[in-house]
Amino acid sequence: MSAIRVEDLRKRYGDDEALRGISFEIEEGEVFGLLGPNGAGKTTTVEILEGYRKRDGGNVEVLGFDPQRAQREFRERIGVVLQSAEPWPNLTPHETLSLFAGYYPRPRDVGEVLDLVGLADKRNVRVKTLSGGQKRRLDLGVALVGDPQLVFLDEPTTGFDPAARRAAWGMIRSLRSLGKTVLLTTHYLDEAQQLADRVAVLREGQIVIMGAPSALTGGSLDAEIRFRRNGEQVVLRTDEPTRVLHELTAEALAAGEELEGLEVRRPTLEDVYLSLVQEEEP
Amino acid sequence: MRIFLHQLRFEQLLFWRSREAAFFIFGFPLLLFVLLGSVYNGKIDGYPASSVLLVGMIGYGAANTAFAGTAIILVNRREYGILKRIRSTPLPAWVYLACTLVSSLLVFTLETVLLFAVGRIFFSAQLPGHVASLAVAVLIGTTVFAAIGLAVTALIRSAEGSSAVVNFILLPMAFLSGSFGPTRRYPTFLRAIGDVLPLKYFIEVVKGIYLGGHALWSRPGALGVMAAWTAGGIVVARLRFGWEPRER
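Residue numbers (the working numbering), protein chains in the order written: chain U, 1 to 282; chain R, 1001 to 1248.
FYI, nobody ran anything at the bench for these hints, they're computed from the structure.
In this text the structure is predicted, and so the values were computed from the model without any measurement.
All C-beta atoms, glycine included, are put in the ideal place defined by N, C-alpha and C.
A couple of the hints might just be wrong.
Said to hold, decoys possible - The following label-pair restraints were derived from C-beta to C-beta distances:
1. Glu-1020/R - Gly-179/U: 42 to 50 Å
2. Arg-123/U - Arg-1246/R: 31 to 39 Å
3. Gly-132/U - Gly-1224/R: 47 to 55 Å
4. Ser-1038/R - Gly-132/U: 41 to 49 Å
5. Pro-1187/R - Arg-72/U: 25 to 33 Å
6. Asp-161/U - Ser-1038/R: 52 to 60 Å
What the hints assert, rightly or not - Here's a subset of chain U near chain R, in silico, CB distances under 8 Å, partners left out:
7. Glu-50
8. Lys-54
9. Asp-56
10. Gly-57
11. Asn-59
12. Arg-75
13. Val-80
14. Leu-82
15. Glu-86
16. Trp-88
17. Leu-91
18. His-94
With the hints as constraints, model all of the structure from the sequences given.
Structure (C-alpha cells):
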C-alpha cells in the first residue's frame, strides 16, 4: 500500500505557478527524496502533504487521509520537521519531548528518543545552551516522539557542518530501520544519494526525473572527452568514447602532438542533476 | 481533559521559566503599586487613596497579564515557528488557545491576591468582602483582555515589534482608564477616549465590588461594553489570526 499518493498536484501563489501538476507515489517504509534548487516547489509540496496549505488542483492522499481535511487522527500519525523552527529556549530537551509526547495517544519513551537523537547527555540543560545542530536534532526528536508512521523532513541538514550532517544522516537511516516512511526534501544531491531509495528532481514546479539515485545516471548522458589544443579547451561528447578516443589519439600521434590535459569522464549524478535543474545555455 | 491539564502545566512552566517576561507581566503591577501607593495619600472620592489605587492596579494587572502577556507570548511563538509546529501535532487548536487563556487567568488571580496582600501589609487596605463576585470579575477581565490580545497578535507582524506595539496600547489605555489615579481632572477629550476603553469599565466594576460593596451585575452597561470588546477581539482574531510566521 502506498503511504503517499499524489496525482497532478497544482498550486499557485497569485500569478506564480508553484506546482504545475506533479505526480508520485511513496510506498510504506520507503525513504523518498524531493530534490531541487531553492524555489523549485519542494516546501510547497511538503506543506500541502502535511496539511498546512490547500492545493489548487489534483488529488492527494496521505496515509489514506486527505491532509486538507484530516484532523486529529491524521496528525497523530505524522511527524514533521520544519525548515526553521526554534524550540522553546527555556525548557530542557527532556521537558520539550515530554510536552509533545503528551499530545499523542501512544508516544515513544522520552528517554529512548533522547538516545536516538543523541541528546541523552544534554537531557537536563536548557535548550538555549544547545548548538544549532543539537537544536535541529531535538526538533527531529519532537517529530519522532509521537511514534509516527510517516515523517516529513524539510531540508533537515541545511546549515550543518559536515560532521553534524553525517550524524543527521545516521539518524535518518535509523528511521528506515524503524520501518518509518520518510519524505525528505533537500537541495544537496549527496544527501539524496546517501539516504533516499528513490528521488524525484523538481524544477520550476515540475518533476523532471524520478527513480533510484543510481538509475538517474544510467546512460542519460554521453561520455566526455576533454583536452586542450593550442591552449583552448576542447570538449567532445560521445556515446562511443572508445572509437572517438582511438581516432583522436591516432591523429595526434601521426602529427607528433601531445593532447594536453586529456581526460575521459563519465557523468556523475551531480552532472545529471545540474544539467536537469540549470537553465539551458542559450 | 488530560491533554488540557498537560498543556496547562507546561504553559505555567514556560511562563515562570522566562524570567524577564514573567517579571514584566507579573511583577511590574506589584512594583508600580508599591511606588504609587507611597506617593498618593489621603482620600479619593471618599475612599482611601491606596484602595482606589489598588483597584486601578488590578485593572492594569488584568490588561498587562491577559492582553500584553497573551499578545507578546503568542507573537513570539508564532514568529519562532512554535505555533506552526504545534499545528502539526494532534493538539486541538481550541485546547491550545484555551490553555493560554486559563494560564493567564491563573497568573492574574495570583497577581490579584498579591496586590491585596501588598495593600494590606503596606497601606492597611481592607480585604475584599465579596470574594466570589471579585473572582467572577477577574475571570471576565481576563477574558476581555485575552480576546483583545488575540486580536492584536493577529495584527502585529514581527517579534521585535511586539512589546513596543503592546506597550503603546497598554500604557495610554491604563492612564486614560484611571489605573494610575482618578481621571476626573483630565481634559474632556482624554476622558472621552477613556470612555470607550474596556479597562475603564473593568476598573469601574472592580471598584463597585470592592469599595462600593455592589453586586457584579449592578453595572450592566459596563459589562456590555466589555462584552462588545470581547466579541470584537474574537471577530478580528477569527479573521486574521495565523499560526505561521509572518516575516516572509
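Now the hints, each set against the structure:
no. : hint                               : result
1   : Glu-1020/R - Gly-179/U: 42 to 50 Å : holds (44 Å)
2   : Arg-123/U - Arg-1246/R: 31 to 39 Å : holds (33 Å)
3   : Gly-132/U - Gly-1224/R: 47 to 55 Å : holds (52 Å)
4   : Ser-1038/R - Gly-132/U: 41 to 49 Å : holds (48 Å)
5   : Pro-1187/R - Arg-72/U: 25 to 33 Å  : violated (55 Å)
6   : Asp-161/U - Ser-1038/R: 52 to 60 Å : holds (56 Å)
7   : Glu-50                             : holds (6 Å)
8   : Lys-54                             : violated (13 Å)
9   : Asp-56                             : violated (18 Å)
10  : Gly-57                             : violated (22 Å)
11  : Asn-59                             : violated (22 Å)
12  : Arg-75                             : holds (5 Å)
13  : Val-80                             : holds (4 Å)
14  : Leu-82                             : holds (6 Å)
15  : Glu-86                             : holds (4 Å)
16  : Trp-88                             : holds (6 Å)
17  : Leu-91                             : holds (7 Å)
18  : His-94                             : violated (12 Å)
In this structure, the hints that do not hold are numbers 5, 8, 9, 10, 11, 18, in rising order.
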